[in-house]
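J.: For the record, the sequence lines run as chains A and B. Going by our numbering, the first sequence opens with residue 1, and the numbers climb by one from there. Going by our numbering, the second sequence opens with residue 1001, and the numbers climb by one from there.
If you're looking for bench data, these hints aren't it; they were derived computationally from the structure. Hints may be right or wrong, so weigh each one.
Unchecked claim - In silico SDA-like links for lysine to any residue, alpha-carbon gap of 20 Å or less: (1) K81(A) / Q29(A); (2) K94(A) / K81(A); (3) K1264(B) / N61(A); (4) K1058(B) / K1116(B); (5) K1238(B) / V117(A); (6) K1273(B) / V117(A); (7) K93(A) / E1036(B); (8) K1127(B) / V1043(B); (9) K1266(B) / A92(A); (10) K1238(B) / K93(A); (11) K24(A) / A1233(B); (12) K1273(B) / P112(A); (13) K93(A) / M1256(B); (14) K49(A) / E73(A); (15) K1116(B) / E1036(B).
Here is what each chain is made of, one letter per residue.
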Amino acid sequence: MALPDRDIKILVVDDMATMRRIIKGLLEQLGFKNIDEAEDGKVALQKLKSGNYDFVITDWNMPNMTGLELVQEIRKDPDLKHLPVLMVTAEAKKENVLLAIKAGVNNYIVKPFTAEVLKEKIEKIFSAIKK
Amino acid sequence: MAKKDYLPKILETGANELEIIDFRMHELLDNNEIYEWILGVNVAKVREVTRRPENIVKSPGSPPEVEGIAKIRGEIVPIVNLAKWMKIREPEGAGKYVIVMEFLREIVGVIVHEAKRIRRIRWADIKKPPPSIEERLGGKIVGVIEIEDGNLLLLLDFEGILDELGMIKIFGIDEELPEEIDREGHFTVLILDDSPVARKIIKGILEKDGHTVIEASSGLEGLDILNNYLQKAVSEGKDITDYIQLIVSDIEMPGMDGLTFTRKIKEHPEFSKIPVIINTSLSDKATVDKAKFVNADAHLVKFDAPDLLKLVHKYAIKKKEE
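All chains should be modelled from the sequences, with the hints used to inform the complete structure.
T.: Here you go:
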């Protein structure tokens, strides 16, 4: 498995500025450069609708619109429904994971994670799409 | 609500009681009848109920709901006219009493029409306001309690009211997590309390002593913050205790209460390293027992500043000797 093109445009969605910076930092370690941020689901959705994004990494717990609701909105939108989404969660509880999968996430990652684990998740998502 | 069904009986909430002051406001209706509002406030927030002071001096620049300032027991206290805030027409000669509330350094008097009695109730008896009255009084009703004759007593959110009048400043929750600090008797403390005013008070005490404060309004939010710090620690090759050296948690919080939160912290391989002080207005033995049961490191009754600081310095994780 290999990582996708390093030029893909990624949107990182998290209400905590610190978390956005951390995820951005990890992505940069993996060689990605084209990274944008949004502080909640609503802002993310606006950005996604107006820009050409290739990949979304979103937190679950956020005010206004949760990550789960964001994924549901993405899957409903004819222009966005094929967009790969990685969900960041705090707990790997089975019922939560099932909820995320039902909502249409491509994969999920449990906090805390390393750049290595993030790399594996991204590889899995993009190799599954190529097939 | 947090899952409590599998918890031992000692951890079930509902046994805890609190005292509220039942006070009344009288509204003169258009047909000259008088409507009686049955209202309440937690005794823990009240310093005293007194006769309305004779001299209330207008203070320029304050909102119309603020009647002025008065001297009560030698202290200058701003006086709020609750009837004006409620936008009700008062019967002649109403407003004979003042409920003096205290938030550590801030004292506020509120003019009410009648101070009825003190009621002892259980937390479990406080219900969410039904939709029909939720929007009344500017949405500042935090709960309702059924009293005699099927009447409802409305518990008021005075913190929200005073915040609205600009008399106290409620802190927002910062979305940026503080960085690691140089720990020479100064610590980063995560505080959990659903009351913005309580958070403000604790934050004030801690910051004055040189500590950094991270705020959470419920157990769930506290866990979310800790998980983010754990992510930060892993990303930066550090330990969670490099960022947070102490947790101070309230008990009664919506969403996830402080006892459940503490139990989760103490069961977690990483979070359990952080000492937890349970900080609550409940000081009975049952509460202390519950705090011990969930492995809290210490228990403290709100809001004793010297005691809080003593415990902070005793329990916060000190810098390792290199």
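J.: All the hints need checking, so say for each whether the structure fits it.
T.: Structure-based check of all given hints:
1. K81(A) / Q29(A): 28 Å, violated
2. K94(A) / K81(A): Not OK: K94(A) and K81(A) at ~25 Å, beyond 20 Å, violated.
3. K1264(B) / N61(A): Holds, at about 18 Å.
4. K1058(B) / K1116(B): 28 Å, violated
5. K1238(B) / V117(A): Holds, at about 17 Å.
6. K1273(B) / V117(A): Between K1273(B) and V117(A) the Cα gap is close to 25 Å, so the pair fails against 20 Å, i.e. violated.
7. K93(A) / E1036(B): Given that 20 Å is the threshold and the Cα spacing comes to 50 Å, the pair is violated.
8. K1127(B) / V1043(B): Holds - the C-alpha atoms of V1043(B) and K1127(B) are around 18 Å apart, at most 20 Å.
9. K1266(B) / A92(A): This hinted pair holds, its Cα atoms lying about 18 Å apart.
10. K1238(B) / K93(A): At roughly 25 Å apart (the allowed maximum being 20 Å), K93(A) and K1238(B) break the hint.
11. K24(A) / A1233(B): Holds: K24(A) and A1233(B) sit about 15 Å apart, inside 20 Å.
12. K1273(B) / P112(A): OK: K1273(B) and P112(A) at ~16 Å, within 20 Å.
13. K93(A) / M1256(B): 17 Å, holds
14. K49(A) / E73(A): At roughly 11 Å apart (the allowed maximum being 20 Å), E73(A) and K49(A) satisfy the hint.
15. K1116(B) / E1036(B): Cα-Cα ~12 Å, so holds.
Hint compliance for this structure: hints 1, 2, 4, 6, 7 and 10 are not met, and every other hint is.
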